[in-house]
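Asker: Sequence:
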Amino acid sequence: WYHGRLDRAQAEKRLLEHQKLGSYLIRESDRKPGAYVLSFLGKTGINHFKMTAVCGAYYIGGREFNSLSLLIGYYTGWSDLLKGERLAHPVPPPERVCEYACVRVSLPTYAHTHMHTNANIFNSFMKGEIFMVKNDMGAGWLWVTSTFNNKSGIINQELTEELGDDDDPVEQHKWYHSDITSNEVAEKLAKSGQDSWLVKRSEKTKGDFTIYFYCGGSIQKFKVQKQSIGVYFMGGRCFKSVADVIERYKVEDIIEGHKLTTPVLMVSRCSVAGVCVCLCVFFVCVCVCLCVCEARVCACACVRVRRSYLVDQISD
1 WYHGRLDRAQ
11 AEKRLLEHQK
21 LGSYLIRESD
31 RKPGAYVLSF
41 LGKTGINHFK
51 MTAVCGAYYI
61 GGREFNSLSL
71 LIGYYTGWSD
81 LLKGERLAHP
91 VPPPERVCEY
101 ACVRVSLPTY
111 AHTHMHTNAN
121 IFNSFMKGEI
131 FMVKNDMGAG
141 WLWVTSTFNN
151 KSGIINQELT
161 EELGDDDDPV
171 EQHKWYHSDI
181 TSNEVAEKLA
191 KSGQDSWLVK
201 RSEKTKGDFT
211 IYFYCGGSIQ
221 KFKVQKQSIG
231 VYFMGGRCFK
241 SVADVIERYK
251 VEDIIEGHKL
261 TTPVLMVSRC
271 SVAGVCVCLC
281 VFFVCVCVCL
291 CVCEARVCAC
301 ACVRVRRSYL
311 VDQISD
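The sequence shown begins at 1 in UniProt numbering and counts up one residue at a time.
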């Protein structure tokens, strides 16, 4: 029922094409990004209800909802939207649309306890950490929820980069293997033993994931379908993330009598050996290093201060 950014005319066209009273969709306003509209086909025609989005909450008719899904559920099963009329028939978008955009922290690990007096502002985060954008608050500020610890707050847009369709929050977890063959999967699971597991992208369906689980000497596969970032399905259940799927089946049987117990963690394939060349002038050293990492040549450079030189100077 979520159609992303859509103008009023297109919304009405899609509702009329559905040809059912009680049809509805939710869209982001094309004239006011960050604002949402519930478009509804009722007995008297099409109505558009504006929703106010503030700090991850949605307000309509004087009521507050923590998500659009809760809002839909309320006006589907608990309350009339109009007198004698409820939301009945969701209109699906013509193609898959992500309910939330996601951003990744693009700067190195950051911690600043005095960035802002507002307690809602994220004061520490790591490079690569992924946030779901719940509201664009304007002036370069975003209200976001971390996919790592589920905490919500404000972050400056300049510290982030937008994720593409092929990016996913699962990539930050060590049990996710981005580049591994089927033979390597079998080898690692057998080595880790009973009830061990790992996650990799599906080999058959783009965007989906597969949990590989070692049980009774054989490997079982469980497909996790990705509808959008924040919406995943497995076994007829809906989850907010692949990590949520994992957490459920750590405490609940994934196979009768067996739970996800031992994760097989991703380890770096970078070689330990490398070549470094350093040039020192007085108390400053500049070093350049080369190493082989996953069949690629990697280079890095650093500048260091020779502490012993400074101590000698102070002693003198």
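Treat the hints loosely; a few may be bogus.
Here are the in silico distance ranges between beta carbons for each label pair [what the hints assert, rightly or not]: (1) N183 / D7: 48 to 56 Å; (2) H89 / K191: 45 to 53 Å; (3) K204 / V251: 48 to 56 Å; (4) R31 / G257: 52 to 60 Å; (5) G138 / T76: 30 to 38 Å; (6) S69 / L21: 50 to 58 Å; (7) G138 / R237: 35 to 43 Å; (8) K32 / E161: 32 to 40 Å; (9) E187 / G257: 19 to 27 Å; (10) T52 / K221: 38 to 46 Å; (11) G77 / E12: 24 to 32 Å; (12) I46 / S202: 37 to 45 Å; (13) G77 / D244: 20 to 28 Å.
Read the hints as simulated data drawn from the structure, not as lab findings.
Heads up, the beta-carbon is just placed ideally off N, CA and C, and yes, glycines get one too.
Asker: All hints, please: hold or fail.
Answerer: Status of each hint after checking the structure:
no. : hint                    : verdict
1   : N183 / D7: 48 to 56 Å   : 51 Å, holds
2   : H89 / K191: 45 to 53 Å  : 52 Å, holds
3   : K204 / V251: 48 to 56 Å : 29 Å, violated
4   : R31 / G257: 52 to 60 Å  : 56 Å, holds
5   : G138 / T76: 30 to 38 Å  : 32 Å, holds
6   : S69 / L21: 50 to 58 Å   : 22 Å, violated
7   : G138 / R237: 35 to 43 Å : 36 Å, holds
8   : K32 / E161: 32 to 40 Å  : 24 Å, violated
9   : E187 / G257: 19 to 27 Å : 25 Å, holds
10  : T52 / K221: 38 to 46 Å  : 44 Å, holds
11  : G77 / E12: 24 to 32 Å   : 26 Å, holds
12  : I46 / S202: 37 to 45 Å  : 39 Å, holds
13  : G77 / D244: 20 to 28 Å  : 24 Å, holds
The structure shown violates the earlier hints numbered 3, 6 and 8.
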